[in-house]
Amino acid sequence: MRLTTLTLAMTLAAGTAFANPVVPGDVTYTEYGAVEASLSGAAGDAAEGAKVVSTRSMGNCVACHQVSALDAAFQGNVGPSLDGVGDRWNEAELRGIVADAKMTYEGTMMPSFYKTTGYIRPGDAYTGKAAKGELEPLLSAQQIEDVVAFLMTLKTQ
Amino acid sequence: MLRTTTTALAAGLIAVATGAWADPSENDLVINGDLEITTHAEAPAYIEGLSEIYSGWRFREVDTQATQMDDFDNPAFLAVDAAQEAWDTVDGDAGKSCASCHGDAMESMAGVRATYPKWNADAEEVRTLAMQINACRTDNMEAAEYGYTSNDMTGMEALISVASRGMPVNVAIDGPVQSTWEQGKEMYYTRYGQLELSCANCHEDNYGNYIRADHLSQGQINGFPVYRLKNTKLNQVQDRFKGCIRDTRAETFKPGSPEFVALELYVASRGNGLDVEAPSVRN
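If you're matching them up, the sequences are chains A and B in order.
Residue 1 is where the first sequence starts when you use my numbering, and the numbers rise one by one after that.
Residue 1 is where the second sequence starts when you use my numbering, and the numbers rise one by one after that.
FYI, nobody ran anything at the bench for these hints, they're computed from the structure.
This one's a predicted model, so the numbers in the text were calculated from it and none came from an experiment.
Built from N, CA and C at the ideal position, the CB exists for glycine as well.
Only true hints are included.
A few chain B residues that face chain A, going by a derived Cβ cut-off under 8 Å, partial list only: (1) 190; (2) 191; (3) 192; (4) 195; (5) 196; (6) 201; (7) 205; (8) 206; (9) 209; (10) 211; (11) 213; (12) 249; (13) 250; (14) 251; (15) 252.
Below, computed lysine-lysine pairings styled on DSS-like, alpha-carbon distance capped at 30 Å: (16) A:129 x B:233; (17) B:230 x A:51; (18) B:118 x B:254; (19) A:102 x A:51; (20) B:230 x A:129; (21) A:51 x A:115; (22) B:118 x B:233; (23) A:51 x A:132; (24) B:254 x A:132; (25) B:254 x A:129; (26) B:242 x A:115; (27) A:115 x B:254; (28) B:242 x A:132; (29) A:102 x B:242; (30) A:155 x A:51; (31) B:242 x A:129.
One side only, chain A facing chain B, incomplete, derived with CB under 8 Å: (32) 74; (33) 77; (34) 112; (35) 119; (36) 120; (37) 121; (38) 123; (39) 125; (40) 126.
Model the full assembly from the supplied sequences, consistent with the hints where possible.
Below, the structure is given as structure tokens:
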């Protein structure tokens, strides 16, 4: 990875008290696409995760997935319903799917939310213009953790 | 209690979204009570990912469908009327109108829209209908070009399309256009932008499904130019391509660019067998 001044500054500030956020290029995926450790070094907040999942300008996961626990209108059906995903996958597996689903499902249509390279003609958000400078991942490390915490609550019992 | 109600309401919406409405409707498109339009056909053999093709009309709500069934209700016909006037009006240094060379548009232009984009042997290039309109303006009329996606252009495209309504799209894909067609095909399957989505991801693999509130069609272009209720004007096909690519968080191409000409040729060929139904109405 490139050690930018930003990540360097974060390294210094964080010291030893917290684990550093893992930058997108440094995430380690298991053979099956799971990510064992928290990307932010902190625990996720399920309520925040629910917001990320249903908000258009954030994860907008409901564009493609139906989630009964959310009352967001017009949930899509391009991907499977997320009801019960907390039973189907463990935390590390869900983190891997949300960070980069292509590591779990080869060629999947699901976007990679924690990735910054390898794109064809990346744009500057939704302006249609070319991206300026380095790309930000679609979601931050903490947002990914929040989403994973929310997904873990989706159990059928 | 309140919470249960909103959840139940949301569940109701989902039931609508994924229920009987998910597939293309079975309705038939008959315009003005007598012009039958083919909106469903067997897919051409060279489209590996589809066995059947459907016009975008099949995926729209009943009210939107109805607006296209009568030319008096179809708001695109205001632009068609304006274009008919432009057709008959002298413009440019050569002192000619379109009518000076082509006479009655409904006769001379019958079948034209159905075969574009196509090869122009003199210019040795693949031409879209918009490019041909501009070539007539500059070369034959010595008038200024229309902006590629301007209202003048979409209106003129709509007028010319009316003369082909109900005729099957029949775009050539071989001979001198073949390499351009291949380029367009490659673009169709390229996963652009930070969302890494190709045209095929949405319009081949997922037509009939919903992305949020949008009911995905096959992205066919037999209905272009399209009057959209959303922006209340006629929309040029390459402007639509631009919007779809922008929505993948990608850097788009420009309308009129060689890339979009290639993509238009390829996408048009995916609709070979559907009837020209432009100017159509969509949401």
